[in-house]
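Novice: Sequence:
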Amino acid sequence: MKINCHVDPNISEEHGELWIKKMTPAINELLQKLTRSENSLWCHYQSQIYPIQFEDIYSLEVANRDINVYTEKQQLTYNDRLSNLKADLPNYFIEASRSAIFNYQHIDHLELLNNGLIDVVLTNKHRVQISRRNIKKLKERLGI
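Quick note on full-length UniProt numbering: the sequence shown kicks off at 1 and runs consecutively.
Everything labelled a hint here was simulated from the structure, so no lab data went into it. All values derive from a computational prediction rather than experimental measurement. Please note: incorrect hints may appear among the correct ones.
Claimed, not checked - Below, in silico cross-link-like pairs of lysine-lysine (PhoX-like), each with a Cα-Cα straight-line distance of 25 angstroms or less: (1) Lys139 to Lys86; (2) Lys86 to Lys73; (3) Lys73 to Lys136; (4) Lys86 to Lys137; (5) Lys86 to Lys136; (6) Lys125 to Lys73; (7) Lys136 to Lys125; (8) Lys125 to Lys139; (9) Lys137 to Lys125.
As the list claims (entries may be wrong) - What follows is a set of in silico ranges between Cβ atoms, one per label pair, in the way DEER data are often shown: (10) Ser12 to Asp108: 39 to 45 angstroms; (11) Ala63 to Thr123: 18 to 24 angstroms; (12) Leu112 to Ala26: 20 to 26 angstroms; (13) Ala26 to Lys136: 22 to 28 angstroms; (14) Ile11 to Ser83: 35 to 41 angstroms; (15) Ile135 to Ser12: 17 to 23 angstroms; (16) Ser12 to Leu112: 29 to 35 angstroms; (17) Gln129 to Trp19: 35 to 41 angstroms.
Cβ atoms here follow ideal geometry from the backbone N, Cα and C, with glycine treated the same way.
Working from the sequences, and respecting the hints, build out all of it.
Specialist: Laid out in structure tokens, this is it:
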């Protein structure tokens with residue numbers, strides 16, 4: 001990897017561009033370090049990489065080796081393990097299961113299923129199923 005850096009005191013706003021062949025864990029870690037002071041994740045959608053603000057994230061769900069990031073209208077991908085990400089998320093995220101986390105600020109309603117489980121239906125109509133071991137935690141967090 002080759003990195004060029006030019007300092008220009010005449011620019012009005014700092015910015016940077018990263019041209020990569022493939023998103024790797026090392027590049028993802030670099031992006032996270034660069035944006036740690038911000039409240040966002042660098043997610044990719046097709047061949048583009050976008051910063052997604054935490055408050056705009058509806059849910060995060062493990063899919064293969066990546067994490068699907070759901071926003072109001074998009075599904076993007078984040079390259080990391082969910083367990084690594086949990087500690088960096090604000091407290092308005094609730095663990096639904098080992099493979100899913102959701103933002104409780106975007107809850108539309110809860111649906112009680114016949115098998116005793118609960119689905120959280122978000123305002124973007126996406127559904128997240130709560131595992132049996134997390135139902136009590138969900139109820140406590142929501143005050144029900």
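Novice: Evaluate each hint against the coordinates.
Specialist: Okay, the hints, checked on the actual structure:
no.: 1; hint: Lys139 to Lys86; result: holds, 20 angstroms
no.: 2; hint: Lys86 to Lys73; result: holds, 23 angstroms
no.: 3; hint: Lys73 to Lys136; result: violated, 30 angstroms
no.: 4; hint: Lys86 to Lys137; result: holds, 16 angstroms
no.: 5; hint: Lys86 to Lys136; result: holds, 19 angstroms
no.: 6; hint: Lys125 to Lys73; result: holds, 10 angstroms
no.: 7; hint: Lys136 to Lys125; result: holds, 23 angstroms
no.: 8; hint: Lys125 to Lys139; result: holds, 21 angstroms
no.: 9; hint: Lys137 to Lys125; result: holds, 22 angstroms
no.: 10; hint: Ser12 to Asp108: 39 to 45 angstroms; result: holds, 41 angstroms
no.: 11; hint: Ala63 to Thr123: 18 to 24 angstroms; result: holds, 22 angstroms
no.: 12; hint: Leu112 to Ala26: 20 to 26 angstroms; result: violated, 44 angstroms
no.: 13; hint: Ala26 to Lys136: 22 to 28 angstroms; result: violated, 39 angstroms
no.: 14; hint: Ile11 to Ser83: 35 to 41 angstroms; result: holds, 38 angstroms
no.: 15; hint: Ile135 to Ser12: 17 to 23 angstroms; result: violated, 51 angstroms
no.: 16; hint: Ser12 to Leu112: 29 to 35 angstroms; result: violated, 54 angstroms
no.: 17; hint: Gln129 to Trp19: 35 to 41 angstroms; result: holds, 39 angstroms
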